[in-house]
Amino acid sequence: MTVTRPARLTGAALCAALALTAAVWILKDLAALGSPADLARYWAGDHHFLVRGRSATSLVDAVLLVVSAAAAAAAIRSRHAASALAATGAVTLALRLPGLWEPDTGALVTALLELALAAGLVVTAAVGRRPATASYEPLPTRPRTGPAVAAGALLATSALVVALWELYWATELPLEITVDRFTGGRSIMKAALAPPPGWLSLTLVALYGTGAVSAFLRARHSRAVGLLGGAFLAAGGLAEVVRTTRYDMIGDFADLPNTARLSVLTAFFGLLAGIAVLVLLAGRGAPADAPSPYPPAGMPPPAPPYPPPPGW
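Here the sequence shown is numbered in this note's numbering, starting from 1 and rising by one per residue.
Quick caveat, the hints were computed from the structure, so don't treat them as lab data.
Each hint can be trusted.
Below are the EDC-like pairs computed for lysine to aspartate or glutamate, each with C-alpha atoms no more than 20 Å apart in a straight line:
(1) Lys28 / Asp46
(2) Lys190 / Asp180
(3) Lys190 / Glu176
(4) Lys190 / Asp104
(5) Lys190 / Glu102
(6) Lys190 / Asp46
(7) Lys28 / Asp104
(8) Lys28 / Glu102
(9) Lys28 / Asp38
(10) Lys190 / Asp38
(11) Lys190 / Glu166
Please work from the sequences and hints to get the whole structure.
The structure is reproduced here in C-alpha coordinates:
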(Lines of atoms letter the chains of each structure in order from A; the text may use other names.)
(Lines give C-alpha, C1' and ligand atoms only; values in the text may rest on other atoms or scores of the structure.)
Protein backbone atom coordinates (compact mmCIF):
# COMPACT_ATOMS: atom_id res chain seq x y z
CA MET A 1 0.00 0.00 0.00
CA THR A 2 1.15 3.51 -0.85
CA VAL A 3 -0.17 6.98 -0.04
CA THR A 4 -1.48 9.34 -2.69
CA ARG A 5 0.32 12.63 -3.16
CA PRO A 6 -2.61 14.80 -1.91
CA ALA A 7 -2.82 12.65 1.23
CA ARG A 8 0.91 12.94 1.79
CA LEU A 9 0.81 16.73 1.50
CA THR A 10 -2.21 16.89 3.79
CA GLY A 11 -0.52 14.65 6.36
CA ALA A 12 2.66 16.71 6.22
CA ALA A 13 0.66 19.90 6.79
CA LEU A 14 -1.17 18.38 9.77
CA CYS A 15 2.11 17.16 11.29
CA ALA A 16 3.66 20.58 10.76
CA ALA A 17 0.71 22.18 12.56
CA LEU A 18 1.17 19.77 15.50
CA ALA A 19 4.88 20.55 15.66
CA LEU A 20 4.22 24.29 15.45
CA THR A 21 1.69 24.13 18.30
CA ALA A 22 4.20 22.37 20.55
CA ALA A 23 6.95 24.78 19.54
CA VAL A 24 4.84 27.81 20.48
CA TRP A 25 4.19 26.46 23.97
CA ILE A 26 7.84 25.53 24.45
CA LEU A 27 8.94 29.03 23.44
CA LYS A 28 6.41 30.45 25.88
CA ASP A 29 7.88 28.31 28.66
CA LEU A 30 11.39 29.40 27.74
CA ALA A 31 10.33 33.00 28.20
CA ALA A 32 8.75 32.17 31.57
CA LEU A 33 11.55 30.03 33.01
CA GLY A 34 14.41 32.13 31.73
CA SER A 35 16.82 29.57 30.26
CA PRO A 36 16.78 26.31 28.29
CA ALA A 37 18.70 24.60 31.09
CA ASP A 38 15.94 25.36 33.60
CA LEU A 39 13.30 24.06 31.21
CA ALA A 40 15.30 20.90 30.52
CA ARG A 41 15.68 20.26 34.26
CA TYR A 42 11.95 20.80 34.70
CA TRP A 43 11.22 18.26 31.96
CA ALA A 44 13.59 15.84 33.70
CA GLY A 45 11.53 16.04 36.89
CA ASP A 46 13.54 18.60 38.86
CA HIS A 47 10.86 20.95 40.22
CA HIS A 48 12.75 22.18 43.27
CA PHE A 49 14.70 25.08 41.80
CA LEU A 50 13.47 28.66 41.87
CA VAL A 51 11.91 29.88 38.63
CA ARG A 52 10.04 32.96 37.58
CA GLY A 53 7.03 31.09 36.28
CA ARG A 54 5.30 27.74 35.94
CA SER A 55 5.97 25.48 32.99
CA ALA A 56 3.02 24.44 30.85
CA THR A 57 4.94 21.82 28.85
CA SER A 58 6.57 18.54 29.76
CA LEU A 59 8.92 16.06 28.14
CA VAL A 60 5.93 14.67 26.24
CA ASP A 61 5.59 17.93 24.32
CA ALA A 62 9.25 17.88 23.30
CA VAL A 63 8.99 14.28 22.06
CA LEU A 64 5.76 15.02 20.17
CA LEU A 65 7.45 18.01 18.55
CA VAL A 66 10.30 15.84 17.24
CA VAL A 67 7.97 12.99 16.24
CA SER A 68 5.59 15.30 14.37
CA ALA A 69 8.45 16.94 12.49
CA ALA A 70 9.86 13.52 11.56
CA ALA A 71 6.45 12.32 10.37
CA ALA A 72 6.05 15.46 8.24
CA ALA A 73 9.43 14.84 6.62
CA ALA A 74 8.55 11.18 6.02
CA ALA A 75 5.24 12.14 4.39
CA ILE A 76 7.00 14.48 1.99
CA ARG A 77 9.80 12.07 1.09
CA SER A 78 8.10 8.66 0.99
CA ARG A 79 5.00 7.15 -0.55
CA HIS A 80 4.93 4.62 2.30
CA ALA A 81 4.32 7.11 5.14
CA ALA A 82 0.82 5.88 6.04
CA SER A 83 2.04 3.98 9.11
CA ALA A 84 4.07 6.96 10.34
CA LEU A 85 1.11 9.31 9.96
CA ALA A 86 -1.31 6.89 11.61
CA ALA A 87 1.03 6.12 14.53
CA THR A 88 1.74 9.80 15.18
CA GLY A 89 -1.97 10.64 15.07
CA ALA A 90 -2.97 7.77 17.35
CA VAL A 91 -0.36 8.55 20.01
CA THR A 92 -1.22 12.25 19.94
CA LEU A 93 -4.91 11.41 20.36
CA ALA A 94 -4.15 9.23 23.38
CA LEU A 95 -1.85 11.74 25.07
CA ARG A 96 -4.03 14.82 24.47
CA LEU A 97 -7.36 13.27 25.47
CA PRO A 98 -6.96 14.10 29.21
CA GLY A 99 -6.59 17.76 28.22
CA LEU A 100 -10.36 17.87 27.63
CA TRP A 101 -10.95 18.14 31.38
CA GLU A 102 -8.03 20.50 32.04
CA PRO A 103 -9.25 23.65 33.89
CA ASP A 104 -6.70 25.90 32.19
CA THR A 105 -8.35 27.56 29.17
CA GLY A 106 -5.21 27.67 27.05
CA ALA A 107 -4.47 24.00 27.69
CA LEU A 108 -8.08 23.07 26.87
CA VAL A 109 -8.02 24.97 23.57
CA THR A 110 -4.68 23.38 22.70
CA ALA A 111 -6.02 19.92 23.49
CA LEU A 112 -9.06 20.48 21.26
CA LEU A 113 -6.87 21.75 18.43
CA GLU A 114 -4.36 18.91 18.64
CA LEU A 115 -7.09 16.29 18.96
CA ALA A 116 -8.64 17.61 15.74
CA LEU A 117 -5.26 17.60 13.98
CA ALA A 118 -4.45 14.09 15.22
CA ALA A 119 -7.84 12.74 14.15
CA GLY A 120 -7.24 14.31 10.75
CA LEU A 121 -3.91 12.49 10.56
CA VAL A 122 -5.50 9.10 11.24
CA VAL A 123 -8.26 9.74 8.70
CA THR A 124 -5.77 10.97 6.10
CA ALA A 125 -3.59 7.89 6.55
CA ALA A 126 -6.62 5.60 6.19
CA VAL A 127 -8.36 7.34 3.29
CA GLY A 128 -5.23 8.24 1.34
CA ARG A 129 -3.96 4.67 1.00
CA ARG A 130 -4.08 2.90 -2.35
CA PRO A 131 -2.78 -0.45 -3.55
CA ALA A 132 0.29 -0.64 -5.73
CA THR A 133 -0.80 -0.15 -9.32
CA ALA A 134 2.16 -1.78 -11.01
CA SER A 135 4.31 -4.82 -10.34
CA TYR A 136 7.46 -2.70 -10.37
CA GLU A 137 6.17 -0.27 -7.73
CA PRO A 138 8.14 -0.98 -4.52
CA LEU A 139 6.37 -1.97 -1.30
CA PRO A 140 7.40 -0.98 2.24
CA THR A 141 10.19 -3.28 3.36
CA ARG A 142 9.87 -5.52 6.40
CA PRO A 143 12.51 -5.29 9.14
CA ARG A 144 15.16 -7.98 9.17
CA THR A 145 14.43 -10.94 11.44
CA GLY A 146 17.28 -10.48 13.93
CA PRO A 147 16.84 -6.72 14.57
CA ALA A 148 13.05 -7.08 14.61
CA VAL A 149 13.10 -9.81 17.27
CA ALA A 150 15.65 -7.91 19.38
CA ALA A 151 13.64 -4.68 19.17
CA GLY A 152 10.43 -6.55 19.96
CA ALA A 153 12.00 -8.10 23.05
CA LEU A 154 13.21 -4.71 24.30
CA LEU A 155 9.81 -3.09 23.72
CA ALA A 156 7.97 -5.96 25.40
CA THR A 157 10.29 -5.77 28.41
CA SER A 158 9.78 -2.01 28.59
CA ALA A 159 5.99 -2.43 28.54
CA LEU A 160 6.26 -4.93 31.39
CA VAL A 161 8.51 -2.62 33.42
CA VAL A 162 6.14 0.34 33.05
CA ALA A 163 3.15 -1.82 34.00
CA LEU A 164 4.93 -3.21 37.08
CA TRP A 165 5.88 0.28 38.28
CA GLU A 166 2.29 1.43 37.90
CA LEU A 167 1.07 -1.59 39.86
CA TYR A 168 3.62 -0.80 42.56
CA TRP A 169 2.38 2.77 42.93
CA ALA A 170 -1.23 1.54 42.98
CA THR A 171 -0.42 -0.62 46.01
CA GLU A 172 1.67 2.01 47.80
CA LEU A 173 -0.51 5.11 47.34
CA PRO A 174 -4.00 5.77 48.68
CA LEU A 175 -6.89 4.99 46.38
CA GLU A 176 -7.71 8.67 45.84
CA ILE A 177 -4.19 9.48 44.66
CA THR A 178 -4.13 6.36 42.45
CA VAL A 179 -7.32 7.50 40.74
CA ASP A 180 -5.90 11.02 40.36
CA ARG A 181 -2.83 9.56 38.62
CA PHE A 182 -5.16 8.54 35.78
CA THR A 183 -7.61 11.43 35.84
CA GLY A 184 -5.34 14.34 36.76
CA GLY A 185 -7.01 15.24 40.06
CA ARG A 186 -5.95 17.89 42.53
CA SER A 187 -3.45 15.69 44.35
CA ILE A 188 -1.26 15.46 41.23
CA MET A 189 1.15 18.30 40.45
CA LYS A 190 1.88 18.43 36.74
CA ALA A 191 2.37 20.79 33.83
CA ALA A 192 -0.78 22.13 32.22
CA LEU A 193 -0.31 20.23 28.94
CA ALA A 194 1.12 17.07 30.48
CA PRO A 195 -1.04 13.95 30.66
CA PRO A 196 -1.57 12.47 34.14
CA PRO A 197 1.28 10.08 35.04
CA GLY A 198 -0.93 7.00 35.21
CA TRP A 199 -2.54 7.85 31.89
CA LEU A 200 0.91 8.33 30.36
CA SER A 201 2.01 4.93 31.67
CA LEU A 202 -1.10 3.30 30.20
CA THR A 203 -0.42 4.92 26.82
CA LEU A 204 3.22 3.86 26.86
CA VAL A 205 2.33 0.26 27.74
CA ALA A 206 -0.06 0.18 24.77
CA LEU A 207 2.55 1.77 22.48
CA TYR A 208 5.40 -0.51 23.56
CA GLY A 209 3.17 -3.58 23.44
CA THR A 210 1.91 -2.76 19.95
CA GLY A 211 5.44 -2.11 18.77
CA ALA A 212 6.65 -5.40 20.25
CA VAL A 213 3.91 -7.49 18.63
CA SER A 214 4.36 -5.84 15.24
CA ALA A 215 8.14 -6.30 15.46
CA PHE A 216 7.80 -9.99 16.30
CA LEU A 217 5.48 -10.40 13.31
CA ARG A 218 7.83 -8.33 11.12
CA ALA A 219 4.85 -6.32 9.92
CA ARG A 220 5.46 -3.61 7.35
CA HIS A 221 4.27 -0.95 9.81
CA SER A 222 6.46 -2.24 12.66
CA ARG A 223 9.28 0.19 11.92
CA ALA A 224 7.07 3.28 12.33
CA VAL A 225 5.45 2.04 15.55
CA GLY A 226 8.73 0.71 16.94
CA LEU A 227 10.66 3.90 16.20
CA LEU A 228 7.92 5.93 17.87
CA GLY A 229 8.10 3.71 20.93
CA GLY A 230 11.89 3.88 20.93
CA ALA A 231 11.78 7.69 20.86
CA PHE A 232 9.54 7.85 23.94
CA LEU A 233 11.58 5.15 25.69
CA ALA A 234 14.92 6.86 25.07
CA ALA A 235 13.61 10.31 26.01
CA GLY A 236 12.07 9.08 29.25
CA GLY A 237 15.21 7.15 30.15
CA LEU A 238 17.42 10.15 29.44
CA ALA A 239 15.28 12.39 31.64
CA GLU A 240 15.44 9.91 34.52
CA VAL A 241 19.20 9.48 34.14
CA VAL A 242 19.66 13.26 34.28
CA ARG A 243 17.50 13.46 37.40
CA THR A 244 19.28 10.63 39.20
CA THR A 245 22.66 12.11 38.30
CA ARG A 246 21.66 15.56 39.53
CA TYR A 247 20.59 14.14 42.91
CA ASP A 248 23.78 12.03 43.10
CA MET A 249 21.78 8.82 43.34
CA ILE A 250 24.39 6.95 41.31
CA GLY A 251 27.23 7.72 43.71
CA ASP A 252 25.09 6.71 46.70
CA PHE A 253 23.67 3.67 44.92
CA ALA A 254 24.82 1.22 47.61
CA ASP A 255 23.09 3.21 50.37
CA LEU A 256 19.79 3.69 48.53
CA PRO A 257 16.65 1.74 49.43
CA ASN A 258 15.60 -1.03 47.09
CA THR A 259 12.91 1.05 45.40
CA ALA A 260 15.36 3.84 44.59
CA ARG A 261 17.87 1.33 43.25
CA LEU A 262 15.25 -0.13 40.94
CA SER A 263 14.38 3.39 39.81
CA VAL A 264 18.00 4.07 38.85
CA LEU A 265 18.30 0.77 37.00
CA THR A 266 15.02 1.44 35.20
CA ALA A 267 16.31 4.83 34.07
CA PHE A 268 19.46 3.39 32.50
CA PHE A 269 17.55 0.48 30.99
CA GLY A 270 15.07 2.88 29.38
CA LEU A 271 17.82 5.02 27.89
CA LEU A 272 19.87 2.13 26.53
CA ALA A 273 16.85 0.13 25.35
CA GLY A 274 15.37 3.15 23.59
CA ILE A 275 18.61 3.88 21.76
CA ALA A 276 18.93 0.20 20.82
CA VAL A 277 15.39 0.08 19.42
CA LEU A 278 16.03 3.20 17.34
CA VAL A 279 19.27 1.73 15.95
CA LEU A 280 17.77 -1.70 15.28
CA LEU A 281 14.70 -0.44 13.42
CA ALA A 282 16.29 2.51 11.63
CA GLY A 283 18.46 0.28 9.46
CA ARG A 284 17.55 -1.03 6.05
CA GLY A 285 14.79 -3.58 5.88
CA ALA A 286 14.93 -7.05 4.40
CA PRO A 287 15.27 -7.08 0.59
CA ALA A 288 12.04 -7.65 -1.28
CA ASP A 289 11.51 -10.99 -2.97
CA ALA A 290 12.42 -10.95 -6.64
CA PRO A 291 9.44 -11.44 -8.94
CA SER A 292 9.14 -14.92 -10.38
CA PRO A 293 9.85 -15.22 -14.15
CA TYR A 294 6.99 -17.70 -14.45
CA PRO A 295 3.27 -17.02 -13.90
CA PRO A 296 1.59 -18.62 -10.89
CA ALA A 297 0.32 -22.15 -11.28
CA GLY A 298 -3.11 -22.41 -12.81
CA MET A 299 -2.91 -19.22 -14.83
CA PRO A 300 -3.54 -19.41 -18.59
CA PRO A 301 -0.65 -18.70 -20.96
CA PRO A 302 -0.39 -15.20 -22.40
CA ALA A 303 -2.47 -14.43 -25.48
CA PRO A 304 -0.66 -14.46 -28.84
CA PRO A 305 0.35 -11.11 -30.30
CA TYR A 306 -1.90 -9.41 -32.80
CA PRO A 307 -1.37 -9.45 -35.67
CA PRO A 308 0.56 -12.74 -35.36
CA PRO A 309 4.11 -12.67 -36.73
CA PRO A 310 4.99 -14.80 -39.74
CA GLY A 311 5.28 -18.48 -38.91
CA TRP A 312 3.27 -18.19 -35.63
